[in-house]
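Once you have looked at the hints, place chain R on chain D.
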Amino acid sequence: MKKDLVNIKDLSNDEILKLFDIADEMSRAVEKKERLDLCKNNILATLFYEASTRTRLSFESAMFRLGGSVLGFSSTEGSSVSKGETLADTIRTVANYSDVIAIRHPNEGSARVASQYSSVPVINGGDGGHQHPTQTLLDLYTILKEKGSLSSLTILISGDLKFGRTTHSLAISLARFGAKMCFASPPGLEMPEYILRTLREEFNNFPQEGTNIRDFIHQVDAIYVTRVQRERLGEMEYLKYRDAYVLSSEVMKSAKHETIVLHPLPRVNEISRDVDKDPRALYFKQAFNGVPIRMALIATLLGKV
Amino acid sequence: MKTQMLNNGTVIDHMPEGMGFHCLDILKKRLNGNETLIVFMNVPSGKLKKKDMIKIQDFYLDEATSTYLSLLAPQITINIIKDGVVTKKINPEIPHEIKGIISCVNSRCITNTEGYTPEYDIRSKEPVTLKCKYCEFEFTPK
Numbered sequence: 001m002k003k004d005l006v007n008i009k010d011l012s013n014d015e016i017l018k019l020f021d022i023a024d025e026m027s028r029a030v031e032k033k034e035r036l037d038l039c040k041n042n043i044l045a046t047l048f049y050e051a052s053t054r055t056r057l058s059f060e061s062a063m064f065r066l067g068g069s070v071l072g073f074s075s076t077e078g079s080s081v082s083k084g085e086t087l088a089d090t091i092r093t094v095a096n097y098s099d100v101i102a103i104r105h106p107n108e109g110s111a112r113v114a115s116q117y118s119s120v121p122v123i124n125g126g127d128g129g130h131q132h133p134t135q136t137l138l139d140l141y142t143i144l145k146e147k148g149s150l151s152s153l154t155i156l157i158s159g160d161l162k163f164g165r166t167t168h169s170l171a172i173s174l175a176r177f178g179a180k181m182c183f184a185s186p187p188g189l190e191m192p193e194y195i196l197r198t199l200r201e202e203f204n205n206f207p208q209e210g211t212n213i214r215d216f217i218h219q220v221d222a223i224y225v226t227r228v229q230r231e232r233l234g235e236m237e238y239l240k241y242r243d244a245y246v247l248s249s250e251v252m253k254s255a256k257h258e259t260i261v262l263h264p265l266p267r268v269n270e271i272s273r274d275v276d277k278d279p280r281a282l283y284f285k286q287a288f289n290g291v292p293i294r295m296a297l298i299a300t301l302l303g304k305v
Numbered sequence: 306m307k308t309q310m311l312n313n314g315t316v317i318d319h320m321p322e323g324m325g326f327h328c329l330d331i332l333k334k335r336l337n338g339n340e341t342l343i344v345f346m347n348v349p350s351g352k353l354k355k356k357d358m359i360k361i362q363d364f365y366l367d368e369a370t371s372t373y374l375s376l377l378a379p380q381i382t383i384n385i386i387k388d389g390v391v392t393k394k395i396n397p398e399i400p401h402e403i404k405g406i407i408s409c410v411n412s413r414c415i416t417n418t419e420g421y422t423p424e425y426d427i428r429s430k431e432p433v434t435l436k437c438k439y440c441e442f443e444f445t446p447k
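Residue numbers (my numbering), protein chains in the order written: chain D, 1 to 305; chain R, 306 to 447.
So here's chain D without its partners, still in its complex pose:
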């Protein structure tokens, strides 16, 4: 039976840790610029209905590193989607041409629909403001590699927690691994109630909530910053929030010496560029981890490891 990754909940903690072990091996191959032949006869379809740099390119890089091939589209222009084809029909067609599908789509729940109509495994590369499970995997992987544990940590998640899909699945996953959390967001962009309720009811996890990074920065082991999701806000709303929070080198002075800074990228202005020089700023290393994690995932879903 095919296995999909639509929601981070589709993976158990053991499955996640096993993926991390495989990603460690893949990471060594990526560092040596090797091309493996694990998936040499396989094709990955990347169906990106929304703009993406890191997610699409790291999926493609991952498949090339595994020895496979890639086809797909990076915008709906020039595809049958622009003629009004439904997601279900596109998926049924593309499943005939490929062995695994990675999809990004602006509508929430779209990856679930894709998995229902696909005869090959589907990987959710982001569905609206809902979920982005491969980002969550690489976020967890980066934290675990850098800090050696998840359960003993306190992690500050800050920024647009309402529409920032990476923060939703990250919060749930951190709770699953027993981490403590603080949430800092401007009023109006708080973590949705359904996520807070899941944390309370399923994990007995009660994050501290506030509006300012400064309120929590001194006590945390990792800071996860997200940008304001401009594409999901009106222009006026975006302007209201654009400069509402900034992690600067000045603010970083209050952080512990070993506190790491992560960001799913792209960054706009929520982390000042002067923070890039701080050895605690790991967001580009985090982006690198996207390739070995996606290699591990693709190889696993295709039954190659």
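Hints listed in this document are in silico derivations from the structure and should not be mistaken for laboratory results. Check the hints yourself; a few may be wrong.
Computed list of lysine to any residue pairs in SDA-like fashion (alpha-carbon distance at most 25 Å, straight line) [as the list claims (entries may be wrong)]:
| no. | chain 1 | residue 1 | chain 2 | residue 2 |
| --- | --- | --- | --- | --- |
| 1 | D | Lys256 | D | Leu153 |
| 2 | R | Lys430 | D | Ile172 |
| 3 | R | Lys438 | D | Tyr117 |
| 4 | R | Lys438 | D | Phe203 |
| 5 | R | Lys436 | D | Glu190 |
| 6 | D | Lys83 | R | Thr422 |
| 7 | R | Lys404 | D | Ser119 |
| 8 | R | Lys447 | R | Val348 |
| 9 | R | Lys447 | D | Ser119 |
| 10 | D | Lys9 | R | Ile403 |
| 11 | D | Lys9 | R | Ile427 |
| 12 | R | Lys438 | D | Met191 |
| 13 | R | Lys438 | D | Leu150 |
| 14 | D | Lys32 | D | Thr53 |
| 15 | R | Lys404 | D | Asp4 |
| 16 | R | Lys436 | D | Lys32 |
| 17 | D | Lys9 | R | Val410 |
| 18 | R | Lys438 | D | Ala95 |
| 19 | R | Lys438 | D | Glu15 |
| 20 | R | Lys438 | D | Asn7 |
| 21 | R | Lys438 | D | Tyr194 |
| 22 | R | Lys438 | D | Lys83 |
| 23 | R | Lys438 | D | Gln116 |
| 24 | R | Lys404 | D | Asn7 |
| 25 | R | Lys436 | D | Asn204 |
| 26 | R | Lys404 | D | Asp89 |
| 27 | R | Lys438 | D | Thr53 |
| 28 | R | Lys438 | D | Lys256 |
| 29 | R | Lys436 | D | Ala95 |
| 30 | R | Lys438 | D | Lys32 |
| 31 | D | Lys9 | R | Glu402 |
| 32 | R | Lys436 | D | Gln229 |
| 33 | R | Lys436 | D | Met191 |
Cβ pair distances, simulated, as ranges [as the list claims (entries may be wrong)]:
| no. | chain 1 | residue 1 | chain 2 | residue 2 | range |
| --- | --- | --- | --- | --- | --- |
| 34 | R | Asp367 | D | Gln208 | 44 to 52 Å |
| 35 | D | Lys2 | R | Gln362 | 48 to 56 Å |
| 36 | D | Thr93 | R | Glu368 | 30 to 38 Å |
| 37 | D | Thr93 | R | Gly405 | 25 to 33 Å |
| 38 | R | Phe326 | D | Leu144 | 52 to 60 Å |
| 39 | D | Asn204 | R | Leu353 | 53 to 61 Å |
| 40 | D | Lys83 | R | Asp367 | 45 to 53 Å |
Each residue gets a CB set at the ideal place from its N, CA and C atoms; glycine is no exception.
Frame of chain D, contents of chain R only:
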């Protein structure tokens, strides 16, 4: 207050005060426009103190709509009457999950854009809270 007897049709009873016209709005899509119906409002009630009630001649409420109404008012009761006799008394129970019936209130949900049938888990019965199986948005139907 005496009310007209119904020989054939549906009585929707034990609606909370003020729900009568909202219920009628929901039923509009199911009615053909020729039915005789009466909306009673502020009827004294032991259970609810005051309740609304609707009687519709020659119309039989389907199960899906009964379930929908139960999501809005769990205490609702529905009587199907034929030849002056109550042939079916429905105390609709809120199911554990729902398919169709109600649209997801999240406008960004895929079920609202391409016509996929929405599905929900019931997160809570008091107040009724649905969780969309696609976008995971939670809401109380209104």
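Quiz item: Straight-line Cα separation of Lys438 (chain R) and Ala95 (chain D) no greater than 25 Å?
Solution: 23 Å, holds
Quiz prompt | Pairwise hint evaluation, Val410 (chain R) against Lys9 (chain D), where the allowed Cα distance is 25 Å at most | solution = Roughly 23 Å between the alpha carbons, so the hint for Lys9 (chain D) and Val410 (chain R) holds.
Quiz item: Can the restraint linking Lys436 (chain R) and Met191 (chain D) be considered satisfied, given a maximum Cα separation of 25 Å?
Solution: 17 Å, holds
Self-check item: Pair hint outcome, Lys430 (chain R) versus Ile172 (chain D) [Cα-Cα no greater than 25 Å]
Solution: Holds: Lys430 (chain R) and Ile172 (chain D) sit about 24 Å apart, inside 25 Å.
Quiz item: Given the hinted pair Lys404 (chain R) and Ser119 (chain D), is their alpha-carbon gap at most 25 Å?
Solution: Measuring from Cα to Cα gives roughly 23 Å; hence the hint holds.
Practice problem: Take the C-alpha atoms of Lys438 (chain R) and Phe203 (chain D), compute the straight-line distance between them, and say whether it is at most 25 Å. | Solution: Status holds; Cα separation ~20 Å.
Self-check item: Pair hint outcome, Lys438 (chain R) versus Lys256 (chain D) [Cα-Cα no greater than 25 Å]
Solution: 41 Å, violated
Quiz prompt | Proposed proximity, Ala95 (chain D) with Lys436 (chain R) (alpha carbon, max 25 Å) | solution = Outside the cut-off at roughly 29 Å; violated.
Self-check item: 45 to 53 Å as the expected CB spacing between Asp367 (chain R) and Lys83 (chain D), which holds or is violated
Solution: At 37 Å between Cβs, range violated.
Practice problem: For the pair supplied as a hint, Lys438 (chain R) and Met191 (chain D), confirm whether the alpha-carbon distance does not exceed 25 Å. | Solution: 19 Å, holds
Quiz item: Holds or violated: Lys447 (chain R) with Val348 (chain R), Cα cutoff 25 Å?
Solution: Judged against 25 Å, a Cα distance of about 22 Å means the pair holds.
Self-check item: Pair hint outcome, Lys9 (chain D) versus Ile403 (chain R) [Cα-Cα no greater than 25 Å]
Solution: 21 Å, holds
Checked against the numbered hints above, the structure breaks hints 9, 13, 16, 22, 27, 28, 29, 30, 39 and 40 and satisfies the rest.
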